[in-house]
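Participant: What follows is each chain in one-letter form.
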Amino acid sequence: MTTFSDPPKGAFQLSMLLNDTRYRSYTFQFIALILLIAAFAFLGYNLVVNLRAAGLNISYGFLGESANYDINQTLIDYTSQSTHLRAAMVGILNTLLVAFLACITATIFGVAAGVLRLSNNWLVRKLMAIYVEMFRNVPVLIWLLIIFFVMVAVFPPPNAFRGDTPTASMIAGAFAFTNRGVYTPLPIWGPGSGVLIAVFVASVIGVFAYRRYATKLLYDTGKLLPMGWPSLVILIVPSILFFFILGRPVSLDYPSLQGFNFQGGLQIPGSLIALWFALAIYTGAFIAENVRAGIQAVSRGQSEAAASLGMRPRRIMNLVVLPQALRVIIPPLISQYLNITKNSSLAIAVGYMDITGTLGGITLNQTGRAIEAILLLMLFYLTISLGISAIMNIYNNSIKLKER
Amino acid sequence: MSDMHQHSVRFVRETMLPEAAPPESGRGVIKWMRANLFSNLSNTILSVAALLVIYYLAVWALPWFLNGVWDAPSIRACRDLLEGARGGCFAVLTERWNQLLFGFQYPSELYWRPSVALILLFVALAPVLFHKKFPRKMFYFTAIYPFVAFWLIWGGSILTPIFALLGFVVAYLFYARYVARSFALGFLGGAAVALIVWIVTGWFPTEGIVAIEAVPSRYMGGFMLNLILGTVCVSLSLPIGIALALGRQSDLPLVKGICVVFIEFVRGVPLITLLFVANVVLAYFFPPGSSFDLILRVIIMITMFASAYIAEVIRGGLAALPQGQYEGANSLGLNYAQSMRLIILPQALKISIPGIVNVSVGLFKDTTLVSIISMFDLVGMIRGPVLASTEWNGVYWELLGFAALLFFIVCYGISQYSQYLERELQTDHR
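So the sequences go chain by chain: E and F.
Residue numbers for the first sequence follow our numbering, so the first one is 86 and each next one is one higher.
Residue numbers for the second sequence follow our numbering, so the first one is 379 and each next one is one higher.
In silico SDA-like links for lysine to any residue, alpha-carbon gap of 20 Å or less: (1) K211/E - Y790/F; (2) K728/F - S796/F; (3) K211/E - L424/F; (4) K634/F - M682/F; (5) K634/F - I119/E.
Reference excerpt, derived from the structure (chain F facing chain E, CB under 8 Å, subset only): (6) N421; (7) A428; (8) V431; (9) L632; (10) V633; (11) I636; (12) G646; (13) P648; (14) V655; (15) F664; (16) L747.
Don't read these hints as lab results, they were simulated from the structure.
Glycine is no exception: its CB is placed at the ideal position from the N, C-alpha and C atoms.
Let the hints inform the model, and build the full structure from the sequences given.
Facilitator: As structure tokens, this is what we get:
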């Protein structure tokens, strides 16, 4: 008869550090720790020696100094007398602005192209396939440059709008497309516009409330309320009514030609438009693939079952396919948003002053504080990335299939 | 009733009627068009819109392409030749062809060397990519290809790559001898032996022995630079990525922590900031007096960048394997190194192939970013020397279109290959 016995408990031997699985992991980790410390010590020592040889030190004092350069697109007050820190803030806001615009536009392009790629129409399917392949397989930098150069080449210079026989004219008297950028009317918020905004926000909430009520009614009684036009009415009509009741508190400041350039209105620099459009159309191709994959991941049986229940194609899409597809689509979609934010650093190639252009570009070159500037730059992008990943994890957990 | 039966003749048809042709609208092109283009109203609208788009694109692009001028010394000569007609000035491509491909500093009498290296790259890749169609012996050539390519592109004495190769050969021999006893011994010992070989041979004077003309790194440029960066960084980042992925899956908290921090840090910042590091900061971290040229520093940073992404892809592959595979390997009594090498990694890597290819394509596209730190790759050449020259100032479409085309060919080719490989590797019988 055999008996199982505990492994023999010998005295601790040095060889057990390598051969005994109980101790081996400690040995390996100890070695890893030593290597890590050695690597950091080596790099740190080199850094100190090199900095001393170059007569440099690590200091963030430059952030408080005057920047002495101009930024063509600012969302907050900024003059060339402002500090480098202020310039970096302007850059951060510009990065967030272009990333936000590009995310929305890319989603629209991507969803449209992804759905159309699955259309029954052969021609449309092929066109969308060409769009997706064309943009996915060519670097975004090349697209950015193409769009930027083409805008500069195609749009007329501002002085083409001058004179008795101008070669270019403003669209609807309000929009001017020039090679320096696009000029659009700028809303001026007069007294009472706060009320108007409040009304608009309230009607947005009203739309959501109506839709929720309609869904509840559908589930409870099976009665179907129309969704489309009532939402539109709730969204628009109160705002328009209040606009006139309050005596037109919001007016538009139109751009007009004065001298050699346009004055007034809102100037959107060409670099912003090029970057925005390039990021949107490039990432849109990737999102299209995600959307297509997500819709195809919903098994055919689902839509066939819905069809056999007598649902119309639109309702099948909205009630059966999309809710299941979104589960697959949204995680890669958010990482595409992350890519947009990171790719927005390409702004430096067209001269849009985002954080890479201010802090990592002119500030770095002016002050020579390379290590500090790049460290701050990386910290900014890292914060955004980790923030978005955290949101994504929360979302993923909330939509995870609750398996028994 | 009986009357009727008397007159009726029994009839049984013995041959089939010939199939009648479907109605005119139910066959051929018309049927296809009805089914695929004009099945209902919205479909018809879409078709018409698509046709309009195609029509406008054709009207706009075709004359530009067909009227194109392929032979002219400058953009003004181009415009004179066109006489006001719309047309592309493709002469810039023929005129600056070598610059676009090799950069403006690479000695022109040596263009054949990178070209040969490129052709040999296909020979070296053939057995890797299509391992069923080519003899296994070609792998020997694949193994020595990096050294041949280095020698061809950078030149110098043949002893430098031979010594480097020697280190790897000795390390491999050591590894093959001792891996049966312990993977760690074989691997670490092999690395140590290689290091010894390199240090010893480092003392050898290589100057001028069987040397071809040396080309310094800063002369590399054009599409050649993109290809060099792409191939070198992808091949270097694969093993590093595997190591990082295994580290991230490991039970050792410290190793896992290091890998997680590294991966998340690198994935959280844009490549441009890493290239800035390569450009202005990295030199501070090297021992004083050592000089790493820019291309090497860029290779280090891009490899770091790519290996973090590849590590995440491979981690996905590792996580997708059923737990039973790990347990099966353990129950066979395999140790960690053996189970990874023989059971886990072959399957995990197979699952990860599409992801790895995606990362590679993305990385190859991202090599254009080096133009921002003023290296003269294809985009850098276009933005810098070519567009800034007085002859070709203003030829945007043709140059950038050409660059887009080159990248499209390479990237589309790679992604098509990956789809082929996925079909090839499908072992489940569905």
